[in-house]
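Trainee: Sequential numbering of the sequence shown, starting at 6, is according to the working numbering.
Take the hints with a grain of salt, since some may be wrong.
[As the list claims (entries may be wrong)] Cut-off 30 Å, straight-line C-alpha distance, at most; resulting in silico cross-link-like pairs (DSSO-like, lysine-lysine):
| # | residue 1 | residue 2 |
| --- | --- | --- |
| 1 | Lys-7 | Lys-138 |
| 2 | Lys-92 | Lys-518 |
| 3 | Lys-111 | Lys-138 |
[Claimed, not checked] The following label-pair restraints were derived from C-beta to C-beta distances:
| # | residue 1 | residue 2 | range |
| --- | --- | --- | --- |
| 4 | Glu-349 | Ala-250 | 25 to 31 Å |
| 5 | Glu-349 | Pro-302 | 19 to 25 Å |
| 6 | Ala-414 | Tyr-356 | 18 to 24 Å |
| 7 | Arg-395 | Glu-494 | 37 to 43 Å |
| 8 | Gly-180 | Asp-312 | 16 to 22 Å |
These are computed hints drawn from the structure, not numbers from a lab. Backbone N, C-alpha and C fix where the C-beta goes; we use that ideal spot for every residue, glycine too.
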Amino acid sequence: MKGTAGALIAATLHAHRVTHIFGMADPVHVFHALDRGAIQPVTVRDEKHGAIMAHGYAKATGRPGVCAATTGPGATNLVTGLFEASKSSVPVIALVQETPGRLIGKHAASEVDQAAALAPVSKWIGRIVIPEKAAEVTRAAFRIATSGRPGPAVVLCPADVMGQVAEAEVYAEPGCERFPSFRSRASRESVAAAAALLAAARRPVIVAGGGCILSQAWDQVVELAEAYGIPVATTMTGRGAIADAHPLSVGVLGSSTGGRHGVGRIANRVLAEADLAFIIGSRTGQIVTSDWTLPRPGTRVIHLDVDPIETGRNVRTDVALIGDARDTLVDLLEHCREQKIRPEVDTTTAYLGSLKAERGRLIEPLSTSAAVPIQPERLLREISRVIDGRTLIAADASYITGWALSHVANVAQGCTFISPRGTGGLGWALPAAIGAKLADPTRTVICLTGDGGFGYVMNELETAARYRAKIVTVVFNNGTLAFQKHYEEKLFGTAIECELLDVDYSEVARALKCGGERVVDPGAISPALERGLASDRPYVVDVVIDARAKAPIVGLESPDDAPGH
């Protein structure tokens, strides 16, 4: 193909089945060369949000998301969005316009060392120094972002090169239009060793991490669990590896769900009692391991991960399986069948059911509460009633994650729940939900956010309205930065500058051409959600909740706390 460097990049995007680019219209030569019938540019209100939309798009489709930014402030705005993608191992391609080479070092407008600024949050950075390299560098970005442990790849596009004409071959490498593009398998020896540990276990538990979702290994996780009666706990990013309703599902592990009313009380207990933990696709970080207290010392560990850096990093590992989660589990299941391995598991579904029933009795007063202000557990119970097997929940960081992970009850198997648990930055859920909805307009997408997090990103409601991304956003409005407030009160007995004004965010939504309404009574929640789901526009349900309510986070929600306080 012969064309400008920008046109070669645009053609390479098309070859990789890209359907949307999120950002501002730079690199301008790329945008003007796009086939608008195939690739939709999505102009955002902040480049950070464009990177997050690309993240949501990637999770919803299994294909790398693409974002774009202009020189200088546009590039630096990408950092937070790419930071989450990096820590969550999600392939995002960032096209970044750069100062012309002849002007570098001359204080050109918006000049900054963009490679240095983006390096800490990128898996790889390439620069197009001559137009003949435009397709090649872009192709490399897709290959690197989607292979091994996925992550963000940046293509720096000098403005003077973008308009230069060259001839180059344009194509996509096989498989690189999706992720994982190349699937590796653990060695047969390590698979046999893992099977031997499984055979000897009496109280095994599967810990399904975000790698199970990235690898689309949920069918294999459930097959292994059902074959041997093994309970499955998930990490925050691993939610969806098993359906909530499955009798072997014990919920989400860790300190964010391990408080008095959290589902982590069950998952953490099952892992604490285990004699074998089979960890799949998890970094075994601080939150999921409850400050590295789980698994308990003496628990045998199998750790399956595509990245050998992670196995044994934080947890002593007896068998490391280095490979793709889905294909390695296929091999393990086949080996166990061939060798007629069948562990005698003592943990019964009846025992697990009793733990769930005990927790159900504990949270019942909250989830059915008619109190005003509304209890968040009641709100989440009503949300659980309107979701189906294809609903995607995008939950924001902080208290929203803890509440949603514990109290949204009907999450189905698959990529059905996303949250910013790589870094925990506020204001992630709304742009991620927009990206996911634009990726698949037929899918119901519900965004859960607090009023603090919503304040970071509510300008993107206009973007959602402009592109008809008909998501429903539920604002948990307690008029305060509750996590920060309760944390400070625990440490110092008081909190500083955590209160917010009483803002009706449904009025903000209507001003930005969306629909919306405020809810103050529990009985009005369900009708409001139904109206939002039926709306022909993006819709905000602003729900006034109890400012005293705490998420089930270990250290904040004490065992003797009154319900909801």
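Trainee: Quick check: which numbered hints come out false for this structure?
Mentor: The structure conflicts with hint 2 only, although it agrees with all the remaining ones.
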